[in-house]
Amino acid sequence: MLRLESITKAFDNTKVLNGVSLTVGAGEFITLLGSSGCGKTTTLRIIAGLEQPDSGRVFLDERDITDTEPNKRDVNTVFQNYALFPHMNVEANVGYSLRIRSVHKNEIKQRVTDALRLVRMDEYAKRMPAELSGGQRQRVAIARAVISRPKLLLLDEPLGALDLQLRRQMQLELKRLQRELGIAFIYITHDQEEALNMSDRIAVMRGGLLEQTGSASEIYDAPYTSYVARFVGSANILRGVPAVSPMTPNETIAVRSENIVLEPYSEHSRGLEGVVTDKRFAGGMLRISARLNLSGAEVVSSRHGIDSPLTPGQNVYVSWDAASEIIVKDNDAGEEL
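Using my numbering, the letters of the sequence shown map in sequence onto residues 81 to 417.
It is worth saying that the hints were derived from the structure and are not from the lab. Treat the hints with care, since some could be wrong.
Said to hold, decoys possible - Here are the in silico distance ranges between beta carbons for each label pair:
#1 G99 with G363: 24 to 32 Å
#2 G287 with S228: 31 to 39 Å
#3 S349 with K409: 15 to 23 Å
#4 E353 with A403: 40 to 48 Å
#5 A210 with E149: 28 to 36 Å
#6 G107 with S182: 40 to 48 Å
#7 G99 with P344: 45 to 53 Å
#8 G393 with G363: 19 to 27 Å
Here the structure is a predicted model, which means the values were calculated and not measured. Just so it is clear, CB atoms sit at the ideal spot from N, CA and C, and this is done for glycine as well.
Working from the sequences, and respecting the hints, build out all of it.
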C-alpha cells in the first residue's frame with residue numbers, strides 16, 4: 081500500500097537518510113524504532129509530504145506521491161504535542177477538517193459522533209482542550225486524524241508526553257483502534273517496549289538506514305547485528321569468548337539476559353569464571369552483572385521477581401544454554417545506545 085524507494089535526505093550537508101526503502105501493507109501496524117537522530121521522524125515527514133526527499137520516490141497505492149502536496153495525500157499525522165486548537169471544543173476540533181472541505185453539517189455531526197465514540201470520548205464533545213487530561217487530548221487528536229478516513233495514519237511518538245501507566249493503557253487503545261479502523265499505522269518511537277507490544281512489524285533504524293525489519297519475535301529472537309541485539313532487549317554481546325556451542329567458536333554472539341545463569345563456585349559448577357559487579361532490582365526484575373575473568377566483558381543476568389544470595393565481589397561461574405546463542409554481525413563496538 082505504501083512503498084518508499086531509496087529515499088535520501090540531507091540537512092546542511094549532513095545526510096539524515098541514506099537510501100531508505102520500505103513497504104507497508106494495507107492494515108499493517110509498523111513501527112520505526114530508533115534512537116534520536118536516526119532519521120525516523122524525517123522519514124515520517126517525507127511520507128506526510130512535510131519534507132521533500134533529495135532523491136528516491138514515495139508511492140501510495142502504486143501512485144507516485146513524492147511531489148504531491150500534503151493536503152492532497154490520503155495520509156494524516158498525529159503529533160506528540162496533540163496540536164489541538166485551544167479556542168475550539170472537542171467536537172469542533174475533530175470536525176475541523178471536514179468543515180474546511182465543505183462537508184454537509186449533518187454528515188459532519190454524524191462522523192464526529194462516530195469518531196469520538198471510537199476513541200471513547202463521546203461524553204467530552206463540549207469540553208475545551210484545557211479541560212482534558214493528556215491522555216484525553218491524545219484521543220481527541222487521534223479522532224481528528226481518522227475522521228477523514230485516510231489510508232495511512234502516521235504517529236510521531238504520540239505517547240511520549242504521558243506517564244508510564246497511561247502510556248501502557250494507550251498502547252492497548254491504539255492497537256484496538258487500529259484493528260477496528262483497518263487502516264495502516266506507521267508509528268515512531270525510541271521505546272522498545274512500545275514497539276514490541278504494538279507492532280505487526282518493526283523497522284529498526286540507525287544512521288539513516290533500516291538496520292533490520294521483521295516481526296517483534298524476529299527482531300527479538302533473531303537479530304542480525306550486535307546493534308539490534310543490544311538496542312532491542314539489551315542482549316549481552318560476547319566477542320572473542322569461547323561459545324558454549326562447538327559450532328560457534330570465537331564468533332560474536334548475543335545472549336539475552338534471561339538466558340544467562342550465574343552460579344557460585346562449586347565443584348559441580350560449569351561455565352566461564354567471573355565476579356559479580358552489581359545487583360539491583362529494576363521494574364520487577366532482579367539484574368545481576370558480572371565481569372568475565374577471561375575477557376573482561378560485562379554480562380547481565382535478569383530474573384523476574386526472584387532474589388539471589390549472590391553479592392557484588394563474589395566469584396561465580398557464568399553459563400548459558402547453547403540454544404540461546406545468536407550469532408550476530410559485530411557492528412556496534414563501543415557505541416552508546
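To see whether the hints hold, each was checked on the structure:
In this structure the hint that G99 and G363 lie 24 to 32 Å apart at CB is violated, the actual value being about 37 Å. Remark: the range hint 31 to 39 Å for G287 to S228 is upheld by a beta-carbon distance near 35 Å. Between S349 and K409, the C-beta spacing of about 32 Å breaks the proposed range 15 to 23 Å. In this structure the supplied range 40 to 48 Å is violated for E353 paired with A403, their Cβ-Cβ distance being about 23 Å.
Between A210 and E149 the C-beta distance comes to about 32 Å, which sits within the given range of 28 to 36 Å. Between G107 and S182, the C-beta spacing of about 30 Å breaks the proposed range 40 to 48 Å. Taken as a hint, the range 45 to 53 Å holds for the pair G99 and P344, whose Cβ atoms sit roughly 51 Å apart. A hinted range of 19 to 27 Å for the beta carbons of G393 and G363 is consistent with their spacing of about 25 Å.
Violated hints for the displayed structure, listed by number in ascending order: 1, 3, 4, 6.
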